[in-house]
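J.: Listed here are the chains, written in short residue letters.
There are 2 protein chains.
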Amino acid sequence: MAQTANKKQNLLLLYDRPLEPIFVSKEAGKKKSIFDVPSTYLTERYKPIGIDIANRFGEEADERIPVKEIRLPDLGPILDLKRDENFTLFLPKHRTLAGRLIDIFLGMRTVEDFISCAVYARDRVNPLLFNYALSVAILHRPDTRNLDVPSLITTFPEKYVDSKVFTKAREEMTIVSEGSREPIIIPKDYTASDLEHEHRVAYFREDIGLNLHHWHWHLVYPFEAAREVVNKNRRGELFYYMHQQVVARYNIERLCNKLNRVERLIKWREPIPEGYFPKLDSIVASRAWPARVANQRLSNLSRDQDQIHADIDTLERWRDRIYEAIHQGFAQDDRNNRIELTETEGIDILGNIVESSILSPNRDYYGDLHNMGHIFLSFIHDPDHRNLEPAGVMGDSATAMRDPVFYRWHAFVDDMFQEHKATLPRYSVQQLTFDGVTVSDVSVSSQNSTPNVLNTFWQQSDVDLSRGMDFQPRGSVFARFTHLQHQPFRYTVTVDNNGAQRQGTCRIFLAPKFDERGNPWLFRDQKGLFIELDRFVVNLRQGKNTITRNSTESSVTIPFERTFRNLDWDRPADQASLEQFNFCGCGWPQHLLIPKGTTDGYACELFVMISNYQDDRVAQDISGVCNDAMSYCGIKDRLYPDRKSMGFPFDRMPRDGVDTLRKFLTPNMRVQDVQIRFQDRTLRPRAKN
Amino acid sequence: MAQTANKKQNLLLLYDRPLEPIFVSKEAGKKKSIFDVPSTYLTERYKPIGIDIANRFGEEADERIPVKEIRLPDLGPILDLKRDENFTLFLPKHRTLAGRLIDIFLGMRTVEDFISCAVYARDRVNPLLFNYALSVAILHRPDTRNLDVPSLITTFPEKYVDSKVFTKAREEMTIVSEGSREPIIIPKDYTASDLEHEHRVAYFREDIGLNLHHWHWHLVYPFEAAREVVNKNRRGELFYYMHQQVVARYNIERLCNKLNRVERLIKWREPIPEGYFPKLDSIVASRAWPARVANQRLSNLSRDQDQIHADIDTLERWRDRIYEAIHQGFAQDDRNNRIELTETEGIDILGNIVESSILSPNRDYYGDLHNMGHIFLSFIHDPDHRNLEPAGVMGDSATAMRDPVFYRWHAFVDDMFQEHKATLPRYSVQQLTFDGVTVSDVSVSSQNSTPNVLNTFWQQSDVDLSRGMDFQPRGSVFARFTHLQHQPFRYTVTVDNNGAQRQGTCRIFLAPKFDERGNPWLFRDQKGLFIELDRFVVNLRQGKNTITRNSTESSVTIPFERTFRNLDWDRPADQASLEQFNFCGCGWPQHLLIPKGTTDGYACELFVMISNYQDDRVAQDISGVCNDAMSYCGIKDRLYPDRKSMGFPFDRMPRDGVDTLRKFLTPNMRVQDVQIRFQDRTLRPRAKN
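Residue numbers (the UniProt record's numbering), protein chains in the order written: chain A, 1 to 689; chain B, 1 to 689.
The hints are simulated quantities; they were obtained by calculation from the structure and are not laboratory data. Incorrect hints may have been included.
For chains that are exact copies, the list does not tell them apart, and a pair is met inside one copy or across any two.
As the list claims (entries may be wrong) - With a Cα cut of at most 27 Å, we get these calculated BS3-like pairs of lysine-lysine: (1) 30 - 258; (2) 513 - 7; (3) 258 - 636; (4) 7 - 30; (5) 47 - 164; (6) 188 - 82; (7) 188 - 93; (8) 7 - 267; (9) 93 - 164; (10) 93 - 544; (11) 188 - 32; (12) 636 - 31; (13) 8 - 258; (14) 31 - 267; (15) 68 - 188; (16) 663 - 93; (17) 663 - 47; (18) 82 - 164; (19) 544 - 31; (20) 258 - 644.
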């Protein structure tokens, strides 16, 4: 058993230094391992010098890993994607190729065969495609799914950090002994200056944790794969809700920075004023990520190589058909049967239609709106491939959130969902109330701080680049980046329970108190800005209850350490938690839980509601299951653990007469004014992880 | 003496691996040398680990080079340009900084002090600026000017080759022993596809030799430096002529590829339809060279960091004032005195005004038109620096000729010069004739080929990248690129001399026979398309003379080997030729002497003229002086060796009644129809140089 576990661990060595050939020693911890690659496995380039290579690289290894010779798979069209091209899941052609490789990996009978097959494929297949397919296969094979797949940033740091880092990292790694290496500082403002107003929220868009979350979300909720992989509980609704919350959070960051809420991208034939210059280098493609300059227009796409031919007209037809379904209250499937967009499940169907996933009831008719928007925007600089340009950052879920236009596109996408939500019955007072339960007081407190003040500041953290620094000497080298952070705080909620002991769901949201003009909100506008901070079950004794909850316990976030987790060979193998680890990489980064605020203190309203857990409860066993970021990520292989519509109670238009938040409240809700106070100071780096 | 020569050679080690710190061993040939750097010379980063470093890097050296401790210079504002920024001579701020460093280097009393000072500066100053200043100082110090400064491509290959090369080169250098390394192939079409019509002439624009020539020309004819450096004989005229010939050559390449002649860039407020995606990476700046997307417009510039604030209005005023000077026939200096634009010297003044160089008689009034055009175009993607973007390829003479807009800009610039030329008296028959000399026959021949056919094809060549591959193991690694080539050929000119023995200047030009529509040219249009192929002095006996001349002897070109010359430590030190070597790097690449032609055979007219050498001759001693590319580059520290106006006899409007080339001819001229026949085959690589 221990030996099996050890063997399967060897799969993780394949993530190390993705461009270095398979016969070069791989490291985990300080241990150097070398695959005993059969000479028939070598690529054409290395076959003629196989003996020389075996001698040179064999000597330095601490361990030799035997590779079983298997009947070699036919990689066929997978090799059509060249090793130095970029790989993007948004392109159907690339998805198909990845799917083939995943099938080959899943088809291997034993772990040993799987390792052998992966060893064979690794130097032949595009490294980005290989790593994606390897991860999906590991996640879905019963015999490997408890492996701890490394975070994408360790293998491909180029997708997350300033390209300037790499030349400096090469200098540190070559010139300086490991013990004396210094972290390479990434300036806080390296993509633009404040002359560009959009840059004021770059700290959010370019946050490494945020982009890791987004990549991870789309890894665990793929829109195309085997049906059993895609068809997760309420995945369409989760697509809506997670992205709705992203836009809401972005809007609050904008308001904190004196920017108006983001405008929907709906004029598809007009120049897009906001440009974006990512300043990332693709090391695999050996090309920079292309910039999107100011005032470019979308064009019809005709890229033979990517097998993408699409017109703006087509996008418009899809949009109009989806709106038609929304306003009719039903969609039509591919046999022209009506599919009602019901009060509770309509949003899930609509999510799959809009995204679109293979669960869309009629992809031929409703098309592929959201995904194709990403594609159109990512090829805006070279729509017909005349310039042989790769996709821009919008073409990759690992990088898309960096670009301001991501939010403009998703504001449009979200608006379609809101249009549907507006057709639903309003929540009645009865539906909102929890009889006999009154929230009588709410406060937040942080150490040594005024009550009801949330404190934010900058923090520096380090991330090790060395596993992604191909063809350089070994040993860690760190990039130091600056990100938003907040002081940990605690909620105290006082609840009066007039009834017997029972359970409630405590729902905590935050929204700005005033609009761009400084005026109080109309509820119908403010409701779209409520961001979820936490959701948890509480036990209510009869009488007065004082509930306390720490900000670090949030159901929205994962801890900082998990966002940036490193491949850790010697991790004590707690199988139960390891098995969930990969899924659990999905989660909003804890350090972005609270918006930046302002130095004067940004006025917000903290909303707390206790709903009746009997109505919310989903009967399932979630023991031993990682669920600490369930609000945006759900729970692996389980039902979404809340029967309410996601975003409840803010997901619908209010009942008649409710034009302010105060009027919306029932006794089981309470609003507390809070301030977010930003201090322009930078906390020293955390210990290296 | 031998020791002095040896010491001075050590300066060349400073070009090796421009980013690797000074204390790392430097290589020349296979010899490893290490500078014994005083600990006070180390940068702040390396001072704390100085002992460790001295031990690690000292061991591997074959030779230790003592570094004299001098009173350290104050680098002051030179350090304002960060090490990882791009450096561009077109920016006045950068020129000023370079000028300061050059002055410091020139001020060192001895070679030993100069070496010490350069050793100190090297790791502190921006590497591009350092290398430029070092080259200029070496070229201008009497005690170092016979050193063989390496070609820019060996130090900064990133400015010349596809960025994809570098990841592959790292793999070869790390994985493969030197003897087994394979060249990295640069695809012929890597920047665009033929969907982009402009790409049809990319082989010309992106030719490495062409771009090296252009960089070299501007290195030996700087527009700003100490007056004695700038004020070279007829340098303004040479600016006009070299660039006029570039545009003419580009136009012929276009016509061969069924493209119309290039359009002048005169609509400065309208979108520029042709984009350009250079696909170069700046390793120093650790950033890609920015792309210029299709349909962008120029904007007013306001880049504080670069100290550039300029409006399109300003460009227009400069343009209009220059046209005013042209049409009035005189410029005005900074005291409002008239400066006549005379028949022979007006063009030289105008060249300095337009470029502009410090020889411009009134830079405040006539401005800096040509240079600022480069600047406006190079910042088109980020005119106010809001996106912290570096300059595009138009901002660097090493890369500018890659971009189609270079030729559109220079077509405009050339048009101003032609406007002046049109005001000059026409050449009379008397001025054109060489009494008693008749050219009775002209032909060209190549081995095994039909007479009067020039044969072109592709050829592959290799260039060693290893000196520019910082932080990689040693040993050559080659990039293999494909360029135009032609079969060597020979001119045979038969001249009847009715007079006594005398000398003539044989002038050979080539132009297309037909225009875009397939019609014969009007002379006034065709004259702008004549490209110079050769110019040389001939001795004419009485009676019939048969003159033969090889294409490799051209006064326009330098040999392939010189274009790509490598730093060659063990070069047999022929002092006389070494002294000229740097200057002689200037010259049109031999492999681009003949335009591409077409597979059917592109119809051209070869024009040969013998003018009277007594009228052309410049009395000076040019023995031992490198002058084999004098047509476009002049001769170092000498007068331009031809008294005729550059471009003679095609530099003016023709006399009345001359509307075709035939009518233009006098007996000492002759035209021969020739064809340029292109074969789409690729010659195997030349031996590595």
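J.: So, for every hint listed, does it hold in this structure?
T.: Here is what the structure says about each hint:
1. 30 - 258: Classified as neither; 49 Å inside a copy, 61 Å across copies.
2. 513 - 7: neither (56 Å within a copy, 74 Å between copies)
3. 258 - 636: Classified as neither; 39 Å inside a copy, 61 Å across copies.
4. 7 - 30: Within one copy, since 18 Å is at most 27 Å while 45 Å is not.
5. 47 - 164: This pair counts as between: shortest inter-copy Cα distance 23 Å, intra-copy 35 Å.
6. 188 - 82: between (35 Å within a copy, 17 Å between copies)
7. 188 - 93: between (37 Å within a copy, 26 Å between copies)
8. 7 - 267: neither (55 Å within a copy, 67 Å between copies)
9. 93 - 164: between (32 Å within a copy, 23 Å between copies)
10. 93 - 544: Classified as neither: same-chain Cα gap 60 Å, cross-chain 72 Å, threshold 27 Å.
11. 188 - 32: neither (36 Å within a copy, 40 Å between copies)
12. 636 - 31: neither (33 Å within a copy, 61 Å between copies)
13. 8 - 258: neither (52 Å within a copy, 60 Å between copies)
14. 31 - 267: neither (56 Å within a copy, 64 Å between copies)
15. 68 - 188: neither (48 Å within a copy, 41 Å between copies)
16. 663 - 93: Answer is neither: 52 Å inside a copy and 62 Å across each miss the 27 Å cutoff.
17. 663 - 47: neither (76 Å within a copy, 67 Å between copies)
18. 82 - 164: both (26 Å within a copy, 12 Å between copies)
19. 544 - 31: Neither, since 58 Å and 85 Å both go past 27 Å.
20. 258 - 644: neither (34 Å within a copy, 67 Å between copies)
Comparing the model with each earlier hint shows violations of hints 1, 2, 3, 8, 10, 11, 12, 13, 14, 15, 16, 17, 19 and 20; every other hint is respected.
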